[in-house]
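Protein chains: 2
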Amino acid sequence: MPVNLTAPVAAQLLPVAGVSLGIAEAGIKRANRKDLLVIKLDDGATVAGVFTTNRFCAAPVTVAKEHLAAKNAVRALLVNTGNANAGTGEQGMSAARTACAELAKLLGCSPEQVLPYSTGVIMEPLPVDKIVAGMPQAIANLKVDNWYDAAHAIMTTDIVAKATSRQVQLGGKIVTITGISKGSGMIHPNMATMLGYIATDAKIAQPLLQEMVREAANQSFNCITVDGDTSTNDALMLIATGKSGVEINDADRAAMQAVITDVATELAQAIVRDGEGATKFITIQLEGGKDEAECKKIGYAIAHSPLVKTAFFASDPNLGRILAAIGYAGVTDLDVAKLKVYLDDVLVAENGGRAASYLEEDGQRVMQQSDITIRVVLGRGAVDATLWTCDFSYDYVKINASYRS
Amino acid sequence: MPVNLTAPVAAQLLPVAGVSLGIAEAGIKRANRKDLLVIKLDDGATVAGVFTTNRFCAAPVTVAKEHLAAKNAVRALLVNTGNANAGTGEQGMSAARTACAELAKLLGCSPEQVLPYSTGVIMEPLPVDKIVAGMPQAIANLKVDNWYDAAHAIMTTDIVAKATSRQVQLGGKIVTITGISKGSGMIHPNMATMLGYIATDAKIAQPLLQEMVREAANQSFNCITVDGDTSTNDALMLIATGKSGVEINDADRAAMQAVITDVATELAQAIVRDGEGATKFITIQLEGGKDEAECKKIGYAIAHSPLVKTAFFASDPNLGRILAAIGYAGVTDLDVAKLKVYLDDVLVAENGGRAASYLEEDGQRVMQQSDITIRVVLGRGAVDATLWTCDFSYDYVKINASYRS
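Protein sequence lines correspond, in order, to chains A and B. Counting the first sequence from 1 gives a position; our numbering is that position plus 18. Counting the second sequence from 1 gives a position; our numbering is that position plus 18.
So that you can see chain A by itself, here it is in the shape it has in the complex:
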């Protein structure tokens, strides 16, 4: 069950002028399931995105990157669940292009103005005919106050939909930001996440928008992991419609970046809170590292250790497993006698071993919580980093031993 994650409330998701969303039940994998989303953009919107680094990246990732690079105005984003169109070779590329072309026909634009996204099972042919057949239903459903349904239409093994909104005053005017994401397993984004879409009515030039989406991803989706598996289909897209009349300039950039990163972080954390089988949400804070790379190495070693993750599932303060993970993280000149490990406010280890002040009952108290912070103070430098992960339960195995069937 999701960890301290409440479902979004439809009325709290703010429309973003210039963006309309339409969903359909296209029957891609199963009948009677919302599995198709069209995001239509008005003239003048800019779009930027970051994508998976997986070499077996999906056909739609390749096509979306091509279409973005062509620098035509993007008119629509097309998202399907139920099939990842990854590991599908030339046939998959052809299916992704067909889907773009057919939606372009219906919307009166060129195929290059459509960006495609898919998520679901890998290495099965995309049923593009079903997607095309579902398009009119999605187009008929297009409306600006449709983020709630859109968040549901992109879910796969997600239990809770992920969506959030913010408003910020810039240049005397209100700017709105709304975003949605999906993801629950195969989560170890590397420059992006499973799927995330954030839109604002600010006006942001495309090169700046690209910088902002990368910065937001680095601080959010690139700091989470459920199972260490980097997906073939990750994408985080940022859309700026300009409809608010507020153009982001140097003076406003930091404020706008902060709110976009905040939205991205909430959406990224929601993915971990809804991680497959998760019962605990674990924040891993690395402090005093020499550089970000070594902080993340140690953080991910802890976050990916099945032994650490199962100990958290059991609420068992078997905390030597954290030390072992720190030790094998690959920081070869690490002096373990100099670091300190805390569980929330409890000092667990220092001087290369268990802290003299540590009491099992204190560790036990923190382990019972559903939100827990592991803090590793490295004492090597001035760089900090934070990652988020979840525990590893019977249900993770259950979900992934039966996902296809």
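Everything labelled a hint here was simulated from the structure, so no lab data went into it. One should not assume that every hint holds.
Note: identical chains are not told apart, hence a pair may lie in one copy or across any two.
No farther apart than 27 angstroms at their CA atoms in a straight line, the calculated lysine-lysine pairs in the BS3-like style are these [claimed, not checked]: (1) K356 - K315; (2) K191 - K308; (3) K358 - K148; (4) K308 - K161; (5) K83 - K356.
Quick caveat, the model's predicted, so the values are computed rather than measured.
Model the placement of chain B on the given structure of chain A, informed by the hints.
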């Protein structure tokens, strides 16, 4: 349950002249459990070993390396289970030294002639008084035909003991090699394994012995993983007593290396077959890589993927997960259109997607087996590598959510 792994038969484990073994129930973690092993060596034996690269390496690892480096004749190895003496700081170092000194007193040698080894829970003080109290019992039990009991005395979460023997004719005489190992979880050795001890009655000079144990480890224990967690206590030791009268020279070296590597490989594979919760034994063959590093990167990405491991547990040919793991392994110039993936004899993927000839029923047939080979033909060069791993089941979570209690 262990996968196609039969328990050793006492009568098939051959004594190695010059090595005697004694066990005791020292009550280190629980009463009435064999948890202490003394391996006593006659004069003239040489000893070499490889150890964990974990920065949080256990106190006994540090002490054993120190004592080996001092180049005194090794007279005894002391092994305890129930406590890893890792993450125990200065107190742990002191405990390891005390144990060596006390055993040295009883055997009439110097403390530097004793090598200590521990395995069990991390970050708890070693009850060295119990170990010392158990020593006379172990010494009274010393005998040359005691490998079977020794293999049992070093088990922790192991279900089946691991031990094997070989004989080889060299220079017209018979040389005997017998080895034992333990390990089931926290298995991703890096230059060693949890614990492994191999002895031969050949005479092998120490520098050569060190080369041979490293070579054997690289081909065996360094090619296995259960959960990707590199232990704090890994050690593989190779002992040569010289009692057979056969001295290994350049002419015999390759033959002797082959049989030592063979013993090490059987012991290493036994650890995977007895991997915590394992129901499948998976061989991962990488062929046609540019170098060993990229072969192992791709192999370990597959072997560590929880999604791949749970699909094997479910006997579900959800083989796109293998492609995803290959894609994120970190080989950044990998051309996925050129590689082929086989499941045993079944061609699963080529040309960047599912093979045209692939039938789900063929994949399903292989997935039902308990021993399965994943073969990845990279088409990039002439280097091959093989790894061994197991699947990921409910029982892995169960074992590791309750190991301490």
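Hints versus structure:
In the homo-oligomer, the alpha carbons of K356 and K315 lie at most 27 angstroms apart inside one protomer (18 angstroms), although the nearest pairing across protomers, at 31 angstroms, exceeds that limit. Taking the closest pair of Cα atoms, K191 and K308 never come within 27 angstroms of each other, the shortest separation being 41 angstroms inside a single copy and 58 angstroms across copies. Taking CA atoms no more than 27 angstroms apart as the test, K358 paired with K148 passes in neither setting, with 56 angstroms inside one copy and 30 angstroms between copies. With identical chains, the CA atoms of K308 and K161 are never at most 27 angstroms apart, being 49 angstroms at best within one copy and 53 angstroms at best between copies.
For a Cα distance limit of 27 angstroms, the shortest separation of K83 from K356 across copies, 22 angstroms, qualifies, whereas the shortest one inside one copy, 45 angstroms, does not.
Of the numbered hints stated above, those contradicted by the structure are hints 2, 3, 4, listed in ascending order.
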